[in-house]
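*Asks:* Each chain, written out:
Protein chains: 2
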Amino acid sequence: MVRDKAADASSDKAGTICRALRRAIIEQALEPGARLPEDALGERFGVSRTIARHALGQLAAEGLVELRRNRIAVVATPSWQEARDTFDIRIELERLVVRQLSGRLSKAQLATLRAHVDEEDAARGGPDAVSIRLATEFHILLAQMTESPILIRYVSEIAYRCCLTLSLFGRPHSSDCAVNEHHLLIDALESGDTEKVATLMHHHLDSVAERALVQQAKPRGRDIMDILAPYAATAPAAPSAGRKRRLDAAE
Amino acid sequence: MVRDKAADASSDKAGTICRALRRAIIEQALEPGARLPEDALGERFGVSRTIARHALGQLAAEGLVELRRNRIAVVATPSWQEARDTFDIRIELERLVVRQLSGRLSKAQLATLRAHVDEEDAARGGPDAVSIRLATEFHILLAQMTESPILIRYVSEIAYRCCLTLSLFGRPHSSDCAVNEHHLLIDALESGDTEKVATLMHHHLDSVAERALVQQAKPRGRDIMDILAPYAATAPAAPSAGRKRRLDAAE
DNA sequence: GAGCAAAAACATGCATGCACTTTGCGTGCC
DNA sequence: GGCACGCAAAGTGCATGCATGTTTTTGCTC
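From first to last, the protein sequence lines are chains A and B. Residue numbers for the first sequence follow my numbering, beginning at 1 and rising by one. Residue numbers for the second sequence follow my numbering, beginning at 252 and rising by one.
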């Protein structure tokens, strides 16, 4: 397992459910918008609603599920703008990671990274979900090598959210070329050229975001409000909840 | 109120407790290490343990309280290294904020910011806790102007954690000069010089961190293990839980 | 008086139960 | 046939109760 969040200690049941759901979400077994009733979860995992509820609370704090009062919890459905913002934050965070790591990784650590990328390579023909999960775990692995609990937490969290984004907006086979970029990243980290590695990470994440977010009109979007937004221009209804800022600045 | 996290909707009791505790923590009414028993909280806020527990879970997810299994929850006590890392992340995040905001703020927004700084100014003679809270809220106010929920969430969270850090390591009157830097920041934001404003924010936060973290030996530290760490060098005990990385690079 | 063990008090982990809210569906009215 | 109303099913919000684990106090021994 990749996660080492404080919330999921070894033997607590809520943590187990958290991990299971998290994985299900990032592997797209649970699509955005999927319903997560407390009793169903509790029954499925053999615990009471109390625990399921607690787990959902944690996941909501991470931004993976949406929790509305008196309503069923659902897997989060980030808007396009949120997705873009998430990637922007991720870029900064991961630049910080590689800047801290550049030239400081042990041979063992480099080997671990390379082994992971090999795994990604092997999964190339397999299902998309696995590729995405492995790619995400590569970034989390990097974060873990900083040994900074806070950085690890934030990068993990935001990487998971990006997964969610990918499953909403991403095209089927957009993560293939990323494997090679991971290789380049490792080489640059080994060389110790801090600026180069930061730039590389920047471009890597930027192009992942680019590949995922080019098509602003979501294909299998399920958020009614967003879909209806363009049509609402004629109606005198409320100005929607969406953000209008920077929509013109789409690349 | 400054917070608009998803977790604390308007009428849910857990959110109320969250906000109350958060405020108590950042105003140093609850010092790091303070005990937070579920029943006591529940009784104090007129709710059951279930709710208090939920609130503690949220706060733990934010890193403000530590939750150990079968043990009483306590206000988090970040290590010096964690504090340093927190500020590093904060710098990147807030640089992102001001880069997005530079030259794009309306007159009303600028006025709001200036009003807040005036408030900070007025609180100069008052208790430290209020100054620190206001200074923190200034940064959160900035983040909110990006209208990016994710950025708002992360900046808020990390700013609160920095508050916690300050109450652990900070010297009594270290936040005074920060008010002026806030003024400069607003002017730079208005001018629209993105690079300048990013640099300004960087230096501002860096110097806050500097002022707070110079004295690595914590004055009113309550973590026995950390206090004992330097003395443990002679003893053949376990190598402690602290991180050794970069400790030599202390400025 | 110091050291230690048992037990009481204390606090959490978790399940269950009840009240309230939302939602889906069927019925009756137009 | 279509629409509004209302009832029942489903689901959450929250409190309480019991089991378990931890901390402190007590009481005994040396």
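Watch out, some of these pointers could steer you wrong.
As the list claims (entries may be wrong) - Cross-link-like lysine to any residue pairs, in silico, SDA-like; alpha carbons within 20 angstroms at most:
1. Lys196/A - Leu184/A
2. Lys13/A - Glu317/B
3. Lys264/B - Lys196/A
4. Lys358/B - Glu343/B
5. Lys13/A - Arg322/B
6. Lys264/B - Arg71/A
7. Lys13/A - Ala311/B
8. Lys358/B - Pro288/B
9. Lys447/B - Asp339/B
10. Lys447/B - Arg355/B
11. Lys358/B - Gly297/B
12. Lys13/A - Glu38/A
13. Lys264/B - Ala60/A
14. Lys264/B - Leu184/A
15. Lys264/B - Glu92/A
16. Lys447/B - Glu92/A
17. Lys13/A - Ile323/B
18. Lys358/B - Ile302/B
19. Lys264/B - Ala275/B
20. Lys13/A - Leu318/B
21. Lys13/A - Arg319/B
22. Lys13/A - Asn321/B
23. Lys264/B - Lys13/A
24. Lys13/A - Lys447/B
25. Lys13/A - Ala449/B
26. Lys447/B - Arg404/B
Just so you know, these hints were derived from the structure itself, not from any lab. Computed from a predicted model, the values in this text were never measured in an experiment.
*Asks:* So which hints don't hold here, by number, going up?
*Replies:* 3, 4, 8, 11, 14, 15, 18, 23, 24, 25, 26
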